[in-house]
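Undergrad: Quick note, the sequences are listed as chains A and B, same order. Numbering-wise (numbering that gives the first Met the number 0), the first sequence opens with residue 0 and increments by one. Numbering-wise (numbering that gives the first Met the number 0), the second sequence opens with residue 0 and increments by one.
By construction, these hints were calculated from the structure, which means they are not laboratory data. Since this is a predicted model, take the numbers as computed values, not measurements. Built from N, CA and C at the ideal position, the CB exists for glycine as well. One should not assume that every hint holds.
Derived pair list, reagent style DSSO-like, types lysine-lysine, alpha-carbon separation capped at 27 Å [said to hold, decoys possible]: (1) K264(A) - K447(B); (2) K350(A) - K200(B); (3) K447(B) - K501(A); (4) K499(A) - K302(B); (5) K302(B) - K226(B); (6) K225(B) - K472(A).
To spell it out: a stretch of chain A is covered by chain B in this simulated footprint if at least three of its residues, at any positions, have a beta carbon under 8 Å from a beta carbon of chain B; those stretches are [claimed, not checked]: (7) 259-271; (8) 274-287; (9) 340-349.
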Amino acid sequence: MALVKSKAQGQRARRAGNHAGGLASLPFNFRFNSLSSSLLVILCAALVLALPHFFRYWTGNIMFPGYEPYYNARMADTIMKHGVPEYDSLSFGGVEYFLDPYHIALSTIGKYFGVEGASRLFPYILGILSALLFYLITDMLKVNIKTSLLSGVILVFSPLFMDIFDHSRSASFALFLFLLAFYLFMQANFMFLSMTVLVLMVLPLFGFAYISAALLILFVYSIWNRRINRFFLIATPSIIFSVLYLLPLHWNFNVPLPNFAEIDKFSVFFAGTGQHPGISIFVIILAIISVFASWRNRGRLWPILLLAALFAIASMFEYEFVYFFNLVVIPMSAYAISIFMRSRWDIQILKNMTLLILLCGMLFHSVSFMSQIVSSGPHIETLEALDWLKTYSDNYSVDGISQIVLSDYRQGYWIEYISGLPAFMDMQLKYQDEADKRHNVTRDIYYGTDLKKTASLLRTHGIGYIIITEEMKNAGVWNRPDQGLLLMLQDNETFIPLFKNKEYEIWKVSEAMYDFQPDLHAST
Amino acid sequence: MERKDLIWVTAIFTLVFSIRLYLAFGHGTFDYGSYFNLRQTQNIMETGLPKFQDDLSYGGRFFTFLPFFHYILAIAGKIMGIELAAKVVPELFASALCIVSYLIVKRLTRSSHAAIFSSFMSGFIPVYLTETVNSVSPLALVVPLMFLLLHSFLHMDPKNRKSIFLFIAGLLCLVLMHPVSILFILALYFYILLCRIEQIKLEASEVELTIFSTFLWLWVNLIIYKKALQLHGINIIWQNMPEYLYLQNFGGVDILGILLRAGLLPTIFGIYIIYRGIFGEKSKQAFLFISFAFSTAIMLWLKFISLAVGMIFLGAVLVILSSLFYAKFLAYLEKTRILQYKPYMVVGIVVVFVFTSVLPSVYGARMRSNYPTEVEIAGLRWLKDNTPPDSAVLAAPLEGHALAYYASRKNVLDDNFIFANDVNMRLNDINEIYKTRFKIRAIGLTTKYQINYILISQKTRTDLDFETLLYEDGDCIKKEYDKGGTAIYGIRCILN
Numbered sequence: 000m001a002l003v004k005s006k007a008q009g010q011r012a013r014r015a016g017n018h019a020g021g022l023a024s025l026p027f028n029f030r031f032n033s034l035s036s037s038l039l040v041i042l043c044a045a046l047v048l049a050l051p052h053f054f055r056y057w058t059g060n061i062m063f064p065g066y067e068p069y070y071n072a073r074m075a076d077t078i079m080k081h082g083v084p085e086y087d088s089l090s091f092g093g094v095e096y097f098l099d100p101y102h103i104a105l106s107t108i109g110k111y112f113g114v115e116g117a118s119r120l121f122p123y124i125l126g127i128l129s130a131l132l133f134y135l136i137t138d139m140l141k142v143n144i145k146t147s148l149l150s151g152v153i154l155v156f157s158p159l160f161m162d163i164f165d166h167s168r169s170a171s172f173a174l175f176l177f178l179l180a181f182y183l184f185m186q187a188n189f190m191f192l193s194m195t196v197l198v199l200m201v202l203p204l205f206g207f208a209y210i211s212a213a214l215l216i217l218f219v220y221s222i223w224n225r226r227i228n229r230f231f232l233i234a235t236p237s238i239i240f241s242v243l244y245l246l247p248l249h250w251n252f253n254v255p256l257p258n259f260a261e262i263d264k265f266s267v268f269f270a271g272t273g274q275h276p277g278i279s280i281f282v283i284i285l286a287i288i289s290v291f292a293s294w295r296n297r298g299r300l301w302p303i304l305l306l307a308a309l310f311a312i313a314s315m316f317e318y319e320f321v322y323f324f325n326l327v328v329i330p331m332s333a334y335a336i337s338i339f340m341r342s343r344w345d346i347q348i349l350k351n352m353t354l355l356i357l358l359c360g361m362l363f364h365s366v367s368f369m370s371q372i373v374s375s376g377p378h379i380e381t382l383e384a385l386d387w388l389k390t391y392s393d394n395y396s397v398d399g400i401s402q403i404v405l406s407d408y409r410q411g412y413w414i415e416y417i418s419g420l421p422a423f424m425d426m427q428l429k430y431q432d433e434a435d436k437r438h439n440v441t442r443d444i445y446y447g448t449d450l451k452k453t454a455s456l457l458r459t460h461g462i463g464y465i466i467i468t469e470e471m472k473n474a475g476v477w478n479r480p481d482q483g484l485l486l487m488l489q490d491n492e493t494f495i496p497l498f499k500n501k502e503y504e505i506w507k508v509s510e511a512m513y514d515f516q517p518d519l520h521a522s523t
Numbered sequence: 000m001e002r003k004d005l006i007w008v009t010a011i012f013t014l015v016f017s018i019r020l021y022l023a024f025g026h027g028t029f030d031y032g033s034y035f036n037l038r039q040t041q042n043i044m045e046t047g048l049p050k051f052q053d054d055l056s057y058g059g060r061f062f063t064f065l066p067f068f069h070y071i072l073a074i075a076g077k078i079m080g081i082e083l084a085a086k087v088v089p090e091l092f093a094s095a096l097c098i099v100s101y102l103i104v105k106r107l108t109r110s111s112h113a114a115i116f117s118s119f120m121s122g123f124i125p126v127y128l129t130e131t132v133n134s135v136s137p138l139a140l141v142v143p144l145m146f147l148l149l150h151s152f153l154h155m156d157p158k159n160r161k162s163i164f165l166f167i168a169g170l171l172c173l174v175l176m177h178p179v180s181i182l183f184i185l186a187l188y189f190y191i192l193l194c195r196i197e198q199i200k201l202e203a204s205e206v207e208l209t210i211f212s213t214f215l216w217l218w219v220n221l222i223i224y225k226k227a228l229q230l231h232g233i234n235i236i237w238q239n240m241p242e243y244l245y246l247q248n249f250g251g252v253d254i255l256g257i258l259l260r261a262g263l264l265p266t267i268f269g270i271y272i273i274y275r276g277i278f279g280e281k282s283k284q285a286f287l288f289i290s291f292a293f294s295t296a297i298m299l300w301l302k303f304i305s306l307a308v309g310m311i312f313l314g315a316v317l318v319i320l321s322s323l324f325y326a327k328f329l330a331y332l333e334k335t336r337i338l339q340y341k342p343y344m345v346v347g348i349v350v351v352f353v354f355t356s357v358l359p360s361v362y363g364a365r366m367r368s369n370y371p372t373e374v375e376i377a378g379l380r381w382l383k384d385n386t387p388p389d390s391a392v393l394a395a396p397l398e399g400h401a402l403a404y405y406a407s408r409k410n411v412l413d414d415n416f417i418f419a420n421d422v423n424m425r426l427n428d429i430n431e432i433y434k435t436r437f438k439i440r441a442i443g444l445t446t447k448y449q450i451n452y453i454l455i456s457q458k459t460r461t462d463l464d465f466e467t468l469l470y471e472d473g474d475c476i477k478k479e480y481d482k483g484g485t486a487i488y489g490i491r492c493i494l495n
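Could you put the whole structure together from the sequences, leaning on the hints where they help?
TA: Structure follows, in structure tokens:
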């Protein structure tokens with residue numbers, strides 16, 4: 000049964016497939032052409048990306064989810080008000096600022112919708128556009144139209160996609176730009192190619208992973224498509240700019256990720272196995288099956304196999320490569336599913352049950368991650384506590400100096416954005432050579448048993464407030480209520496309780512300890 | 000099945016089942032690990048649901064497990080009572096390996112002799128008998144079921160809907176019983192790989208069953224262990240075990256260990272058949288069992304499954320492979336001039352097997368010492384009758400489930416470590432409570448874990464190498480029960 004029979008639809012229509020079963024047996028007269036498939040992908044993306052926000056709002060949480068979005072919102076706000084800063088006075092008590100194009104874009108959109116509105120809207124739009132671009136790219140790669148559609152849908156439902164585009168993150172803009180660059184690069188049009196150069200020039204600003212992955216994909220595509228000259232023409236300016244921008248950055252500021260924030264490599268790849276969104280195990284297995292299934296055509300399909308292997312290896316060293324690994328394995332898994340759907344099985348019931356399990360399995364990870372976003376912080380209690388701290392510190396600042404707030408480093412961005420106070424540590428660990436030292440200081444304060452020594456550490460580092468969350472108390476930091484700092488907090492001469500709600504406790508370090516000028520850059 | 004074979008297999012099954020029952024009823028109790036399964040079965044009998052939120056384990060916590068076996072036991076428990084069902088049903092299932100083994104070998108060799116010999120050998124795999132006798136464990140059913148599925152995999156007729164449905168149902172039961180069912184899936188992949196390497200044609204249905212089994216296993220385990228995976232990541236494979244227990248349970252495996260646990264003849268004959276299977280005759284059917292042996296050995300080598308569990312499966316598959324040797328040996332004898340000595344040789348093999356497998360199995364099962372003694376259970380019952388229902392009792396991790404089962408009191412630690420925080424610290428603290436000389440330190444720790452009573456059994460004394468609590472003062476810490484080596488101390492102080 001031919002799904003698309005019109006000659007006018009030409010070659011693409013022929014690629015739509017001429018087999019029975021699977022999607023072809025839809026009960027209504029649905030035609031799988033590029034337009035309808037694009038619309039379906041857009042619809043899925045719009046729905047999937049909106050759902051977590053909707054459920055958060057429905058459960059009474061008005062805050063947008065995640066940690067990094069609050070850093071981005073703060074920087075966008077700063078850019079809106081004061082232009083691009085050279086120095087971020089709040090992160091780690093004050094550090095150098097590295098330009099991120101996402102902050103510029105967010106601040107531009109923020110002028111119309113407010114930074115918070117932009118933080119919700121901008122990644123949402125980028126997500127929909129990225130899903131569309133991804134679909135169009137797979138479609139242009141002469142992939143069967145149903146496989147392209149499946150790729151688009153699997154991408155939209157992938158936890159990594161949700162993680163990137165449901166949170167206001169630089170990665171959302173970077174990934175969109177990469178897909179745009181790839182799409183433009185595929186067009187045989189001078190104007191589009193010129194635009195590719197421009198887009199590629201922006202990518203180094205997001206970091207090494209994005210530009211190297213983008214160039215690698217374009218390079219492999221060019222070899223495959225025998226347009227290597229075009230690649231060098233387009234990529235040379237970007238390569239020169241990357242070398243000029245990234246190499247000095249690497250030499251001057253590169254520090255390894257501190258031990259405490261080391262990435263769990265297993266959870267990078269497999270969804271639901273730790274702190275990272277990962278890729279559904281079903282997608283990975285399907286991709287592996289597709290390798291075996293297409294092994295005879297490896298001469299033709301080598302680019303995708305090579306890219307998958309390279310990105311898998313690269314992901315172990317730099318987390319961001321996993322986004323590209325995801326983009327590569329998804330079409331492979333869609334191809335495997337389309338093989339399943341097309342093939343005749345000896346045991347038909349097994350085919351149906353396998354497809355059902357695959358569908359449920361992939362949805363399981365999506366739904367599970369979606370619920371994770373819905374229940375993730377910050378919560379309304381966070382806003383309440385940090386807003387209270389902002390008001391309090393505005394009224395009672397010591398000689399106009401903002402006192403540093405000590406808490407779990409993951410709370411750092413929230414503290415900085417909502418209370419406007421500098422956090423002793425936050426999640427900006429990439430170019431931060433102080434991270435390990437400060438982590439050790441934090442541990443000394445948390446677990447110390449000598450009040451004098453703890454007071455001295457607090458004084459030396461200018462810490463004025465301590466925020467303790469329920470999670471920290473429940474085995475996040477301490478295992479029992481009489482341990483380290485928790486015990487010392489009972490000393491009312493040194494620590495004054497300021498605020499308490501269901502999730503947060505705010506303590507002030509006694510004024511008596513502040514007859515000095517805090518040294519914001521003190522090190523241990 | 001021929002009538003003569005039926006009689007033989009029935010006799011062997013009856014013999015194995017009787018020996019198992021004899022050994023099981025030789026103890027008034029079950030092994031320590033059984034009490035977790037007993038409690039879950041009891042809960043299913045009472046409420047229809049397993050207890051994922053356990054108020055007694057670790058003083059109250061959430062954890063997950065695959066509950067299918069407990070449902071089967073609960074049904075049997077409704078009919079004959081839980082204690083009797085727990086004694087009889089697992090032994091019945093475990094003995095069924097004799098029948099499965101017969102079916103497999105008969106189909107592989109067409110030799111009744113070899114099949115009957117295999118049936119006999121599978122009843123006396125030392126590690127299998129030792130680990131599963133008088134133990135309420137899903138493994139008793141998982142092992143025969145897995146081999147039954149391997150058998151039906153080999154002889155699947157894609158046109159026979161009944162056999163397909165039975166296979167799917169069996170697979171679902173297996174997957175819902177124990178995560179070790181991954182061995183079955185891995186074996187299928189090794190089988191496909193071996194067939195590809197040897198250019199043996201695979202049936203489409205075999206690949207289809209493999210793909211389906213993989214996704215089913217993944218899906219079920221992801222659903223059940225979702226939270227545990229999120230919390231422990233890849234460490235879920237090792238069940239978040241404390242270091243010293245990990246070293247005990249996931250220790251390395253050597254050839255001597257295999258000889259002792261799987262038996263001398265199955266190991267030697269089995270390894271020979273694996274060697275011949277790979278480098279000599281190419282038998283597709285033997286490949287499946289060779290693949291199973293490979294997958295188990297690799298999982299053991301990588302320490303992805305515990306030594307005891309891995310050796311059970313390795314022992315069982317070696318028995319099947321060694322029966323192939325036996326069949327070949329008999330066929331070879333037919334071609335030689337020493338045919339007249341065949342009966343003597345068969346008797347010789349049986350005698351060697353009896354001495355190297357049957358006797359060590361029965362002896363090992365009898366000598367197994369990880370059961371709570373009657374004296375210890377009397378102590379646990381005393382706790383139930385004489386302490387407030389919400390009190391927490393410190394016992395050794397191994398005794399945690401027995402404490403919850405008999406005394407219905409909260410334990411501080413048991414041997415189910417999934418979802419437990421800081422198990423190493425908890426374990427060290429517990430050891431310190433037992434062995435410290437300092438009362439303040441001990442009371443600090445009992446306050447930390449809100450412990451009201453300390454149970455000291457003879458086994459705990461031996462394992463931890465101490466005699467009594469050195470800080471007992473008759474006031475803060477007072478001995479309240481002491482009979483036959485089991486002592487219970489009450490804690491009356493807390494440290495502020």
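Undergrad: Take the hints in turn and mark each one as holding or not.
TA: We went through each hint and held it up to the structure:
1. The straight-line distance between the Cα atoms of K264(A) and K447(B) is roughly 35 Å, outside the 27 Å bound, and the hint therefore fails.
2. Straight-line distance between C-alpha atoms of K350(A) and K200(B) comes to about 21 Å, which keeps the hinted pair within the 27 Å bound.
3. Among the hinted pairs, K447(B) with K501(A) is consistent with the structure: their alpha-carbon atoms are about 23 Å apart, no more than 27 Å.
4. For a cut-off of 27 Å, the pair hint linking K499(A) to K302(B) is broken: about 48 Å separates their Cα positions.
5. Proposed proximity of K302(B) and K226(B) is supported: the alpha carbons are some 23 Å apart, at most 27 Å.
6. Distance restraint check for K225(B) and K472(A): the Cα-Cα separation of roughly 24 Å lies within the 27 Å cut-off, and the hinted pair is therefore satisfied.
7. Coverage of a stretch by a chain is defined here by at least three residues with a beta carbon nearer than 8 Å to that chain's beta carbons; for the region 259-271 of chain A and chain B the count is 4, and the condition holds.
8. For the region 274-287 of chain A, the assignment as covered by chain B holds, since 3 residues bring a beta-carbon within under 8 Å of that chain's beta-carbons and 3 suffice.
9. Residues of the region 340-349 of chain A lying with their CB closer than 8 Å to a CB of chain B number 5, which satisfies the three-residue condition for coverage.
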